[in-house]
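Make a model of the complete structure from these sequences and hints.
Each residue of the sequence shown is one higher than the last, beginning at 57 in my numbering.
These are calculated hints, taken from the structure and not from any lab test. Incorrect hints may appear among the rest.
[Said to hold, decoys possible] In silico DMTMM-like links for lysine to aspartate or glutamate, alpha-carbon gap of 25 Å or less:
#, residue 1, residue 2
1, LYS365, GLU354
2, LYS449, ASP469
3, LYS486, GLU439
4, LYS361, GLU318
5, LYS126, GLU162
6, LYS126, GLU169
7, LYS161, ASP140
8, LYS392, GLU336
9, LYS268, GLU325
10, LYS481, GLU421
11, LYS268, ASP359
12, LYS367, GLU318
13, LYS358, GLU421
14, LYS450, GLU466
15, LYS481, GLU328
16, LYS392, GLU421
17, LYS486, ASP428
18, LYS268, GLU210
19, LYS486, GLU328
20, LYS449, GLU336
21, LYS449, ASP395
22, LYS265, ASP238
23, LYS449, ASP436
24, LYS227, ASP261
25, LYS268, GLU315
26, LYS228, GLU162
27, LYS99, ASP339
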Amino acid sequence: MSFRSSVKKVVPRDVFKRVEPYGHLGEAMIYSVKNGFPAKGLKVIGVTGTNGKTSTCFLIHKMLVNSGIKAGLMTTVAYGVGDDIHPQIAHMTTVSVPLLHQRIKEMRSQGMEWLVLEVTSHALAQHRVWGIPFSVAVMTNITHEHLDYHGTFERYRDAKKMLFTQTNRNKKGLQIGIANADDPSGQLFAGAVRNPVLYGMNNGDLRAKNVKLTPAGSTYTAEIGDAELNVTCHLPGSFNVYNSLAAVAVGQAVGLTQEQIEQGIAALEGVEGRMTRITEGQDFDVIVDFAHTPDSFEKLFKDLKPVVKGKLICMFGSAGRRDEAKRAIQGELAGKYCDEVVVTEEDDRDIDGLEIMNQIAAGVEKAGKTRDTDLFLVHDRTEAINFAIKRAKKGDTVILLGKGHEKTIERADGEHPWDEIGTAKAAAAKAAA
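Below, the structure written as structure tokens:
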């Protein structure tokens with residue numbers, strides 16, 4: 057029997073004919089069959105949103121593993137089972153259909169029972185996660201991003217919402233949807249699932265009270281009904297209060313004890329490229345973060361600005377062949393909150409890097425910055441990191457944005473090896489010498 061025929065035995069003939077021309081959906085069906093439906097019987101927690109997906113996935117995964125559960129992880133940064141975690145090299149969050157099913161199959165062979173999966177709007181819109189039985193869906197937030205692909209914010213938001221409707225169709229799962237109540241789209245997502253849970257600092261079933269932020273993270277009381285949990289999160293920033301609250305909600309949804317939730321969240325020390333501090337003996341702070349959207353910029357700068365003793369110096373770029381509309385917006389935010397701005401490359405691909413930098417610079421100038429005074433354009437990213445760090449004095453903070461954990465940088469002639477953290481360490485060590 058041919059492979060195509062075997063697929064037709066599993067997938068009804070009329071459905072196969074209907075989806076075959078549409079690429080990813082047909083591909084998802086085929087590779088589900090080819091790999092023996094590797095996700096069947098798994099308990100899958102899907103996490104979607106504009107910002108915070110990766111950190112939320114890591115918090116949930118660490119909490120499950122720390123509780124003795126054989127849990128897998130697939131995110132922008134890494135994948136694996138338990139503590140056997142491998143770096144994710146490709147510039148994709150939800151990997152291609154063949155690789156997705158291949159990895160799930162391999163992870164099942166290691167005894168994986170739960171999977172924490174980071175899910176993008178692209179993957180949902182393209183039906184790349186068809187056949188994966190989501191038991192719990194999590195939404196972190198929905199803001200401006202990927203309009204180059206989706207066209208409108210509404211279409212982008214509705215693509216994300218598909219994770220919740222897909223979870224609701226899994227009759228053998230928990231059919232639980234966990235959404236950010238402080239986000240304008242929170243109620244819309246909650247309404248798309250049978251068992252909604254809303255979390256937030258201002259609204260929701262689960263709330264964070266007595267929040268104390270420090271450069272090393274946060275502590276707060278998580279209240280839901282009559283229950284109170286004492287949460288310690290080692291990921292800094294108010295946005296990570298939200299991410300850890302989402303993890304608390306997941307812990308309660310899957311039946312973990314209060315102690316397991318508290319200890320599990322506290323067990324995560326950090327996530328590569330997410331507010332990663334570089335300490336090479338320099339007398340100023342250097343931070344590497346993956347922030348690359350207007351919303352993540354604003355939240356990050358608002359958190360940092362009040363605690364920076366000296367100048368706040370930021371360096372970033374914007375990817376070619378991606379959402380152009382955000383470039384000037386991010387530039388204006390950087391110009392508003394930062395004392396100095398260094399604009400550089402960030403995966404130009406085959407787009408003119410100078411054109412991208414000028415689009416960003418227009419926003420920075422709108423916020424009042426002047427070229428060659430407190431706004432600098434340095435195209436080569438290694439040179440830009442060195443330049444930004446050289447300008448720092450005692451008490452200043454340099455934040456390098458946009459690449460984070462990524463191991464390659466994409467230019468017109470293809471992919472090149474890249475190490476943002478390593479490059480920053482070298483520059484900081486030189487400054488400290």
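Hint-by-hint comparison with the structure:
Between the alpha carbons of LYS365 and GLU354 the distance comes to roughly 19 Å, so the proposed pair stays at or under 25 Å and holds. Distance hint between LYS449 and ASP469 is unfulfilled; the C-alpha atoms sit about 37 Å from each other, more than 25 Å. Our distance criterion of 25 Å between C-alpha atoms is met by LYS486 and GLU439, whose separation comes to about 13 Å. Proposed proximity of LYS361 and GLU318 is contradicted: the alpha carbons are some 29 Å apart, above 25 Å.
With a CA separation close to 14 Å, the supplied pair LYS126 and GLU162 stays within the 25 Å bound. Proposed proximity of LYS126 and GLU169 is supported: the alpha carbons are some 6 Å apart, at most 25 Å. Taking the CA atoms of LYS161 and ASP140, the gap is about 16 Å. The hint holds against a cut of 25 Å. For the given pair, LYS392 sits about 29 Å from GLU336 by alpha-carbon distance, which is inconsistent with the 25 Å threshold.
For the hint pairing LYS268 with GLU325, the CA-to-CA distance comes to about 17 Å; that is within 25 Å, so the pair holds. Restraint check for LYS481 and GLU421: the C-alpha separation of about 30 Å exceeds 25 Å, so the hint is violated. A threshold of 25 Å between alpha carbons decides the hint, and for LYS268 with ASP359 the separation of about 12 Å falls inside it, so the pair holds. Taken as a hint, the LYS367 and GLU318 pair is broken in the structure, with Cα atoms around 36 Å apart against an allowance of 25 Å.
The suggested pairing of LYS358 with GLU421 holds, with an alpha-carbon distance near 20 Å, which does not exceed 25 Å. Between LYS450 and GLU466 the alpha-carbon distance is near 34 Å, which puts this suggested pair outside the 25 Å criterion. Between LYS481 and GLU328 the CA atoms are separated by roughly 14 Å; this keeps the pair inside 25 Å, and the hint holds. With a C-alpha separation of about 10 Å, the suggested pair LYS392 and GLU421 falls inside the 25 Å cut-off, and the hint holds.
With a C-alpha separation of about 23 Å, the suggested pairing of LYS486 with ASP428 holds against the 25 Å cut-off. Of the pairs offered as hints, the one joining LYS268 and GLU210 is violated, with about 35 Å between alpha carbons and a cut-off of 25 Å exceeded. For the given pair, LYS486 sits about 22 Å from GLU328 by alpha-carbon distance, which is consistent with the 25 Å threshold. Among the hinted pairs, LYS449 with GLU336 is consistent with the structure: their alpha-carbon atoms are about 14 Å apart, no more than 25 Å.
Straight-line distance between C-alpha atoms of LYS449 and ASP395 comes to about 13 Å, which keeps the hinted pair within the 25 Å bound. Proximity of LYS265 to ASP238 is assessed by CA-CA distance (about 14 Å); at most 25 Å being required, the pair is judged to hold. Distance hint between LYS449 and ASP436 is fulfilled; the C-alpha atoms sit about 23 Å from each other, no more than 25 Å. Between LYS227 and ASP261, the direct Cα distance comes to roughly 24 Å. Compliance with the 25 Å bound is thereby established for this hinted pair.
Distance hint between LYS268 and GLU315 is fulfilled; the C-alpha atoms sit about 20 Å from each other, no more than 25 Å. With a CA separation close to 23 Å, the supplied pair LYS228 and GLU162 stays within the 25 Å bound. Taken as a hint, the LYS99 and ASP339 pair is broken in the structure, with Cα atoms around 47 Å apart against an allowance of 25 Å.
Hint compliance for this structure: hints 2, 4, 8, 10, 12, 14, 18 and 27 are not met, and every other hint is.
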